[in-house]
Amino acid sequence: MLYRLKKLVTIRFILTLFLLASVVYAGYAMYYKINYWGFSLFPKTKTNVWTVEADVSFEADGNPIKISLATPKSSNEYKVLDQDIVAPGYASKIENGRLILEADGKEGIQNVYYRILLFDNEAAKGKVTAPTPPAPEAPVWEEKQKAVADEIIALAKTQPGDLPQQIIRIFNQTPPEPTVTAFMPLKKTPKDVAEIISSLLAYKKIPSRLARGIKLVEDKQSFAPDLMLEAYVDGRWKLYNLSTGQIGLPKDFVIIQRGGTSLLDIEGGTDSVVKFSVLKSVTSSFSLAGKRAKLANDKDAFDYSIYNLPVNQQNNLKWLMIFPLAILVIAVIRNFVGLSTMGTFTPMLLAMALVKTGLIPGIVCFAIIMVVGLLIRALFTRLNLLLVPRISAVVICVILIIQLMTIIGYRFDSSIASSATFFPIIIMAWIIERASITWEEEGAFNSCREIIFSLIAALATYAVICNETIRYIMFAFNELNLVVLFLVMLLGTYTGYRLTELKRFRPLVK
Amino acid sequence: MFKWLSKYFASPKALREAGIMGMNNRNFKIISKHNRRCLYPLVDDKVQTKKLAQQFGITTPRLIGTIEYQHEVGKLLDLVKDWPAFVIKPSHGSGGKGVLVIAAHDGHVFVTPSGKQLLYKDLYQHISNTLSGLYSLGGQYDTAVIEEMVNFSHIFDDYSYQGIPDVRLIVYKGYPVMAMTRLATAASGGRANLHQGAVGVGLDIKTGKTLKAVMRNKPISHHPDTGADLSKIEVPFWREHLLIGAKAFEMTGLGYLGADIVLDANKGPMMLELNARPGLAVQIANGLGLYKALKRVDKYYPKNLAPEERVDFVLNGRKK
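These protein sequence lines map, in sequence, to chains A and B. Mapping of the first sequence onto the numbering used here: residues 1 to 510, in sequence order. Mapping of the second sequence onto the numbering used here: residues 511 to 830, in sequence order.
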């Protein structure tokens, strides 16, 4: 007795351990998939994918060509999904975040394209570390220049915001202050203005650098990157809009180049121009997962996961992945609640049909098939047919009923009737057969009770699996099925009373 | 709310204290521990059960013959020509499904005990249905067993609306631990299933006398149709009944089994069939917990006794 008890405890103990292990594993897998593959906890998540194309054109002069182009950086907001270079005859490589293209003996107008796919990286958090930059070298200025600089800074102090903001604002003032105009270079390109501001900041020992970025706007053609200023203030890099002084990364903005390096360097060519264009597309997070896995350097794991399969096979598996949960519901209904149903998994299959038909149309349709089927089956009883041919006849009748309902459904545009096709034919035939035999042997009451219990079990299962979020989660985080497995097995060691037995044996206790 | 609950539902604790055995408990702790799967065919196949019973000296209704294939159905008349009364049963049937009793026949017209007249073609159809698996447990092809009709003792006539009641014994480790008889009523449609409204009478395992009678979970004193006083039931040849149950343990090796026994007017108690998964309704009929009874056997009953010694042990109680 004690030994037996011990043995029982051990089985349960082992299963509990397995259950805990599977919970931990599933939890880790979920964490991993969310963070590295970019899965989300809810279905229908769409991710914006931006195609940024840089078109570099220049005139080659016959000397060896070396193109060095700044490329977008991964940031908290955007990750690189894919890149692609169209440069026939060029050897390409990516070095320190720059695209290097090299070729020999080209002449005439050259056009190379660099395309990069970026996605909104809201779910996955990349890490960009920013080491404290060294204090900038003070610009080499004459006394007179220093005096003007001091004057400008003093003027700037009247503006709101921190120092970089103040300086930017004073430079953008209209009409400009005469001191500012005096300090300005002759060519007032945004870049030159930015460099002046940067040197003023350096003068005040504030590290700063130029940043070029692209505003991601749908279908934007041929534009030059926007210039911004980054300054190291209060222990972190802040990004400043050079015309308004606004702090922070603008929405949908991706930095492609930072610091003193140029956007584009070309050796062996002249008249170089780089034009950018942006195209937006929307992809489900799911289909991006593969690419993300590649980024996370575990393409192999992904290759062997179901998410790498063709979409229609994925859909089949998606449907299959909900079965374990439905089975768990059935196991609970049978072994814990103690409801006796027709056939073990019949209610589950009914629930699956209900998911496809919708609740009300499904139940109405089920009832119609059952009633008509039972009437026909009652006729068969008189014919005294043998078992297999009789079942076969019932199956054929069910098919005919379903066919008829579908036609009627189409004719009268009734979704109830046309949902008939989703019911599993063989299962329906067996339910009719079982119900009919129970009817004859144990009476209409028991027969109806069995059908109603089966329907209740089906509805309970339906309640769980009709939820699209649950279905999605069971598919996206299929490790959860292991948890379900051990739950079912643990249920197999449940020796307590079933809920229905509490009622059944009620007369036995005072 | 709580009051309402406790009116209709027992608390698990109360059931545990009463030693009531639940379905999960029965399957997990009793059946899977004491009944090896490979032994099931011995009781699921009535032909095998009958042959084994003969070896162990257990009386069963005499086998007239078996029909295994469709082309053999024609030999039915030949088989029963010397038997005025006989029974056709599916070999793998359960719960009395597909049992056809013929009380008299002349080779053309067959009469059932209730007086219904059947023709040869009806019997032919019935046997064909049996062979095709209509009445078998899993719906697989089956064999029709033809055996002699039990010459039922008339002792129970007043107690049953239709059909003949049998005694169901629950035998644990060779010890009969609980007994009941099921009496058909009009409400149960002449069937002996408690959940259909048959009367369940718990029998004292030591005496074979009524312990308690219930119908639809409620105590009852008289049969609803015949009006017979249910408290007066006393099964004769009780020791012989118990002995059949006890021997069934050696015969099958099943540690937990149900034995269905009928009383023949001339031959005494006869074993009708055995069940490796006897239900739990016996607890309701007896008003007693089965788990408690089984635990008592585990704890106090001696092991390695012969069937007769075990029956004596049950009848006389514990000896010093």
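Since the hints were made in silico from the structure, they are not lab data. As the structure is a computational prediction, the values presented were derived from the model and not from experiment. Treat each hint with caution, since some may be false.
[What the hints assert, rightly or not] Straight line, CA to CA, 30 Å or less: simulated DSSO-like cross-link-like pairs of lysine-lysine:
hint, chain 1, residue 1, chain 2, residue 2
1, B, K543, A, K503
2, A, K510, B, K539
3, A, K503, B, K560
4, B, K809, B, K683
5, A, K318, A, K275
6, B, K561, A, K503
7, B, K813, B, K719
8, B, K560, B, K719
9, B, K561, B, K722
10, A, K93, A, K188
11, A, K503, B, K517
12, B, K560, A, K510
13, A, K510, B, K591
14, A, K503, B, K607
15, B, K813, A, K510
16, B, K805, A, K510
17, A, K510, B, K631
18, B, K683, B, K722
19, A, K510, B, K561
20, B, K813, A, K503
21, B, K742, A, K510
22, B, K561, B, K591
23, A, K510, B, K607
24, B, K523, A, K503
25, B, K683, B, K607
26, B, K716, B, K591
> For the pair supplied as a hint, B:K523 and A:K503, is the alpha-carbon distance within the 30 Å limit?
Replying inline: holds, 13 Å
> Under the criterion that the straight-line Cα-Cα distance not exceed 30 Å, is the pair B:K560, A:K510 satisfied?
Replying inline: violated, 43 Å
> Given the proposed pairing of B:K561 with B:K591, does the C-alpha separation stay at or below 30 Å?
Replying inline: Answer holds: B:K561 to B:K591 is near 23 Å, not above 30 Å.
> When you check the alpha-carbon spacing of B:K742 and A:K510, does it fall within 30 Å?
Replying inline: Roughly 25 Å separates the two Cα atoms, so the pair holds.
> Is A:K503 within 30 Å of B:K560, Cα to Cα?
Replying inline: violated, 38 Å
> Is the straight-line distance between the alpha-carbon of B:K813 and that of A:K510 30 Å or less?
Replying inline: Violated, at about 34 Å.
>> Just to be careful, I want the Cα atoms of A:K510 and B:K631 compared with a cutoff of 30 Å; is the pair within it?
In response: violated, 55 Å
> Taking 30 Å as the top limit, are the C-alpha atoms of A:K503 and B:K517 close enough?
Replying inline: holds, 9 Å
>> Can you confirm whether the C-alpha distance between A:K318 and A:K275 stays at or below 30 Å?
In response: Distance of about 44 Å is beyond 30 Å: violated.
> For the pair supplied as a hint, B:K561 and A:K503, is the alpha-carbon distance within the 30 Å limit?
Replying inline: violated, 41 Å
>> Holds or violated: B:K805 and A:K510, Cα atoms, limit 30 Å.
In response: holds, 22 Å
>> Need the status of pair A:K503, B:K607: alpha-carbon distance at most 30 Å?
In response: The given pair, whose Cα atoms are some 28 Å apart, holds under the 30 Å limit.
The structure fails to meet hints 3, 5, 6, 9, 10, 12, 13, 15, 17, 19, 20, 23 and 26 from the earlier list, while all remaining hints are met.
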